[in-house]
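Chains as they are written, first to last, in my numbering: chain A, 33 to 303; chain B, 33 to 303; chain C, 33 to 303.
No lab work stands behind these hints, which were simulated from the structure alone. Just so we're clear, the structure is a prediction, and the values are computed from it rather than from any experiment. Hints are not guaranteed to be accurate.
[To be verified] A short, non-exhaustive set of chain A residues, derived as facing chain C with CB atoms under 10 Å:
| id | residue |
| --- | --- |
| 1 | Thr61 |
| 2 | Ile90 |
| 3 | Thr100 |
| 4 | Pro104 |
| 5 | Thr221 |
| 6 | Arg222 |
| 7 | Gly225 |
| 8 | Pro272 |
| 9 | Gly273 |
| 10 | Val277 |
C-beta: ideal position from N, C-alpha, C; glycine also.
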Amino acid sequence: MLSADLYSFVTRVRGHAPLVHCLTNLVVTNFTANVLLAIGAAPAMVVAREEVGEFAPIAGALSVNLGTLDVPQSRAIRAAVDAANGAGKPWVLDPVAVGPLTFRTEFALELLDLTPAVIRGNASEIISLSGGAASGRGVDSTAATDAALDAAQILALRTQAVVAVTGATDYITDGRQVVALSNGSPLMTRVTGVGCALSATVAAFIATATSRDEHFAATVAAIACTTIAGELAARDAALPGSFAVAYLDRLASLDENAFGQTLVMRDVALS
Amino acid sequence: MLSADLYSFVTRVRGHAPLVHCLTNLVVTNFTANVLLAIGAAPAMVVAREEVGEFAPIAGALSVNLGTLDVPQSRAIRAAVDAANGAGKPWVLDPVAVGPLTFRTEFALELLDLTPAVIRGNASEIISLSGGAASGRGVDSTAATDAALDAAQILALRTQAVVAVTGATDYITDGRQVVALSNGSPLMTRVTGVGCALSATVAAFIATATSRDEHFAATVAAIACTTIAGELAARDAALPGSFAVAYLDRLASLDENAFGQTLVMRDVALS
Amino acid sequence: MLSADLYSFVTRVRGHAPLVHCLTNLVVTNFTANVLLAIGAAPAMVVAREEVGEFAPIAGALSVNLGTLDVPQSRAIRAAVDAANGAGKPWVLDPVAVGPLTFRTEFALELLDLTPAVIRGNASEIISLSGGAASGRGVDSTAATDAALDAAQILALRTQAVVAVTGATDYITDGRQVVALSNGSPLMTRVTGVGCALSATVAAFIATATSRDEHFAATVAAIACTTIAGELAARDAALPGSFAVAYLDRLASLDENAFGQTLVMRDVALS
Numbered sequence: 033m034l035s036a037d038l039y040s041f042v043t044r045v046r047g048h049a050p051l052v053h054c055l056t057n058l059v060v061t062n063f064t065a066n067v068l069l070a071i072g073a074a075p076a077m078v079v080a081r082e083e084v085g086e087f088a089p090i091a092g093a094l095s096v097n098l099g100t101l102d103v104p105q106s107r108a109i110r111a112a113v114d115a116a117n118g119a120g121k122p123w124v125l126d127p128v129a130v131g132p133l134t135f136r137t138e139f140a141l142e143l144l145d146l147t148p149a150v151i152r153g154n155a156s157e158i159i160s161l162s163g164g165a166a167s168g169r170g171v172d173s174t175a176a177t178d179a180a181l182d183a184a185q186i187l188a189l190r191t192q193a194v195v196a197v198t199g200a201t202d203y204i205t206d207g208r209q210v211v212a213l214s215n216g217s218p219l220m221t222r223v224t225g226v227g228c229a230l231s232a233t234v235a236a237f238i239a240t241a242t243s244r245d246e247h248f249a250a251t252v253a254a255i256a257c258t259t260i261a262g263e264l265a266a267r268d269a270a271l272p273g274s275f276a277v278a279y280l281d282r283l284a285s286l287d288e289n290a291f292g293q294t295l296v297m298r299d300v301a302l303s
Numbered sequence: 033m034l035s036a037d038l039y040s041f042v043t044r045v046r047g048h049a050p051l052v053h054c055l056t057n058l059v060v061t062n063f064t065a066n067v068l069l070a071i072g073a074a075p076a077m078v079v080a081r082e083e084v085g086e087f088a089p090i091a092g093a094l095s096v097n098l099g100t101l102d103v104p105q106s107r108a109i110r111a112a113v114d115a116a117n118g119a120g121k122p123w124v125l126d127p128v129a130v131g132p133l134t135f136r137t138e139f140a141l142e143l144l145d146l147t148p149a150v151i152r153g154n155a156s157e158i159i160s161l162s163g164g165a166a167s168g169r170g171v172d173s174t175a176a177t178d179a180a181l182d183a184a185q186i187l188a189l190r191t192q193a194v195v196a197v198t199g200a201t202d203y204i205t206d207g208r209q210v211v212a213l214s215n216g217s218p219l220m221t222r223v224t225g226v227g228c229a230l231s232a233t234v235a236a237f238i239a240t241a242t243s244r245d246e247h248f249a250a251t252v253a254a255i256a257c258t259t260i261a262g263e264l265a266a267r268d269a270a271l272p273g274s275f276a277v278a279y280l281d282r283l284a285s286l287d288e289n290a291f292g293q294t295l296v297m298r299d300v301a302l303s
Numbered sequence: 033m034l035s036a037d038l039y040s041f042v043t044r045v046r047g048h049a050p051l052v053h054c055l056t057n058l059v060v061t062n063f064t065a066n067v068l069l070a071i072g073a074a075p076a077m078v079v080a081r082e083e084v085g086e087f088a089p090i091a092g093a094l095s096v097n098l099g100t101l102d103v104p105q106s107r108a109i110r111a112a113v114d115a116a117n118g119a120g121k122p123w124v125l126d127p128v129a130v131g132p133l134t135f136r137t138e139f140a141l142e143l144l145d146l147t148p149a150v151i152r153g154n155a156s157e158i159i160s161l162s163g164g165a166a167s168g169r170g171v172d173s174t175a176a177t178d179a180a181l182d183a184a185q186i187l188a189l190r191t192q193a194v195v196a197v198t199g200a201t202d203y204i205t206d207g208r209q210v211v212a213l214s215n216g217s218p219l220m221t222r223v224t225g226v227g228c229a230l231s232a233t234v235a236a237f238i239a240t241a242t243s244r245d246e247h248f249a250a251t252v253a254a255i256a257c258t259t260i261a262g263e264l265a266a267r268d269a270a271l272p273g274s275f276a277v278a279y280l281d282r283l284a285s286l287d288e289n290a291f292g293q294t295l296v297m298r299d300v301a302l303s
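Start from the sequences and build out the full structure, keeping to the hints where you can.
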């Protein structure tokens with residue numbers, strides 16, 4: 033994959049301003065919307081079961097995040113996913129804290145059968161979804177991302193989704209190929225919602241894909257865009273409050289030159 | 033209307049610190065509260081149907097925003113509006129994304145009968161509320177604000193509310209007079225919740241009105257204060273993360289001199 | 033109490049990264065999570081009644097905030113408190129706006145019987161909880177903190193909790209001893225959620241206590257850390273938007289030297 037091909041998704045998002053329907057958690061709604069606006073997409077957070085079906089054909093993609101799942105939201109998510117599938121719109125699953133918590137884990141496993149285009153999680157979450165016994169303690173991953181690579185491949189082959197395991201190194205696989213990205217900054221873990229907003233960014237990027245074949249490249253591009261903006265923002269600010277501000281600024285101002293010069297990507301041989 | 037008369041509402045809000053009860057969407061609660069604090073008002077986000085009635089007499093005004101409406105919130109809103117009306121407190125309606133979504137559109141039409149003091153929306157929303165066929169795609173307006181001016185006038189005459197259509201140019205009408213404001217910055221659309229928080233700001237300003245006759249001027253003042261702060265903040269910051277910070281700072285530090293020198297206001301002849 | 037002993041809790045939180053389960057209000061979820069990350073703790077906002085019980089043994093402490101209480105959340109809070117007590121994890125009660133609102137006041141009074149480790153509120157809230165007639169108008173306290181000192185002592189003796197009344201001067205008591213802290217800045221009241229996030233910070237600090245005997249010192253340390261960071265941030269920024277950013281930065285960068293040099297603490301004789 034070439035840097036210029038990845039960057040073309042950044043340009044597409046800015047040009048098309050895809051409307052991203054987010055059913056996300058209560059902690060990150062605002063930050064997610066601001067990240068989507070910073071990259072040039074348009075956020076929409078319609079939440080009611082009564083409305084999500086009607087909204088799916090209007091939106092370009094759907095992003096589902098289980099961070100503060102409860103029963104009413106699980107019903108809205110099911111309706112939204114059905115409507116997205118019915119309207120031919122791709123959707124992203126962010127299985128926050130799946131593993132130690134039974135309710136969301138069972139719900140996430142149900143969702144796996146509803147053809148997500150992309151699944152993005154940390155190592156613990158991806159290991160749990162693939163059937164392994166992970167050691168997460170909620171939102172934190174206690175497993176390194178490389179330990180989750182096998183799990184990601186299994187999950188991708190089973191679901192036909194692109195699977196992304198994000199952490200210090202990010203792995204993206206469709207079950208046949210794997211790309212590793214090594215950009216970012218530890219400061220990204222000191223601001224709540226960076227990972228959750230990344231899932232919405234992935235949704236914005238795949239909304240601009242011309243076919244399912246582009247979902248893999250779009251996901252790599254979204255993660256590269258996010259982690260490069262984070263890495264550049266860490267040059268502007270060393271502490272989390274000002275880093276969060278710089279991060280949004282860097283997302284909005286990212287250009288092809290900085291993208292290409294900062295990107296650290298390699299192909300990984302599958303086992 | 034004189035600049036000094038408009039600015040007097042800024043002074044009143046800072047002096048009285050009106051308590052603004054907000055029933056708003058999940059994306060903008062935090063930003064709305066911070067905007068209200070920046071202008072010198074006091075936010076209160078009591079949400080439960082069990083409590084909104086008891087809270088109405090304590091609050092100075094109520095701000096209702098339909099951005100993430102669901103059934104429980106619709107019940108709380110109805111109870112809060114009834115209580116505000118019962119207690120003689122003015123309330124503001126922000127009909128987010130009304131038009132393409134049936135559930136909220138029907139609910140917004142019901143609310144029109146409950147004597148809102150002010151209705152603030154984008155062009156698509158105001159056209160929809162007045163019975164026209166708008167072309168919104170949710171939170172974004174795809175219609176220019178001037179196209180909504182007729183709709184705003186119709187809506188104002190029918191509801192006896194002040195109606196504000198905000199966009200690049202803002203129009204405020206009570207059905208008999210129209211004022212156009214042309215301040216602001218495109219960056220205001222790159223930060224989520226600026227429009228939603230403006231509705232709460234309108235509520236804070238009308239809370240200081242001595243009679244219903246002042247609602248028109250108070251609404252113009254609230255929108256002028258908001259767009260002037262945005263225009264000044266865009267001189268401080270060119271990217272959305274730092275703009276949001278500068279915007280809150282400019283709201284808090286706005287003075288009469290800068291207000292008067294920046295204000296671009298004109299009367300519009302009604303058709 | 034020595035400054036070095038208080039600061040040792042800051043070091044412990046950074047070393048252990050305690051997982052703090054927050055059931056808090058819709059306005060401050062994001063800011064609370066960012067404050068917890070800034071001090072080195074790990075936020076977790078599991079909200080569903082179905083999950084809170086399972087989560088209690090994983091978390092280090094629980095923080096309960098009644099700011100936007102509704103019936104579903106009251107059920108989740110009851111389940112979470114029972115589970116925390118069952119798992120031997122301490123919990124903090126933040127009785128936002130208790131007094132004028134019946135639903136939350138009755139609920140807060142119920143919670144008093146469930147052995148909170150710490151109760152943190154403003155003067156009006158603490159007076160209301162102790163059975164007095166306070167004059168709050170919701171989230172704002174209209175009573176000075178010293179007027180609440182008697183009420184705090186009564187409440188501490190009755191509940192066996194540490195009680196903190198925060199305001200321009202903060203009082204912390206376990207019913208037998210009282211410490212007064214006089215750090216901070218008026219800007220802390222211009223950013224929404226500083227007080228609510230402080231309650232979560234107290235939860236993070238008591239999560240590192242080796243026994244219940246340390247809860248008093250941990251609470252003093254959490255409030256000192258918060259108000260000192262606020263006081264230092266006010267040297268960096270004079271307006272609320274930039275102050276909020278500086279506040280998070282100061283929380284993250286607070287060192288023992290600045291802590292010791294800034295701390296203004298005194299013992300208060302109990303009546």
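Now for the hints, and whether the structure bears them out:
1. Taken as an interface hint, Thr61/A checks out: its beta carbon lies about 8 Å from the nearest beta carbon of chain C, inside 10 Å.
2. With a least beta-carbon distance of about 26 Å to chain C, the hint placing Ile90/A at the interface is violated under the 10 Å criterion.
3. At its closest, the beta carbon of Thr100/A sits 5 Å from a beta carbon of chain C; the interface hint therefore holds under the 10 Å criterion.
4. Against a cut-off of 10 Å between C-beta atoms, the interface hint on Pro104/A holds, since the closest Cβ of chain C lies about 8 Å away.
5. Annotation: Thr221/A was flagged as interfacial toward chain C, and the flag holds, the nearest CB pair being 8 Å apart, inside 10 Å.
6. With its C-beta approaching chain C no nearer than about 5 Å, Arg222/A sits inside the 10 Å limit, and its interface hint holds.
7. Taking 10 Å as the C-beta contact cut-off toward chain C, the hint placing Gly225/A at the interface holds, the least distance being around 7 Å.
8. Of the supplied interface hints, the one on Pro272/A holds, with its beta-carbon coming within about 5 Å of a beta-carbon of chain C, less than 10 Å.
9. Satisfaction of the interface hint for Gly273/A is found here, the shortest Cβ-Cβ separation to chain C being roughly 3 Å, below the 10 Å cut-off.
10. Annotation: Val277/A was flagged as interfacial toward chain C, and the flag holds, the nearest CB pair being 6 Å apart, inside 10 Å.
Hint violations for this structure: number 2 only, all remaining hints satisfied.
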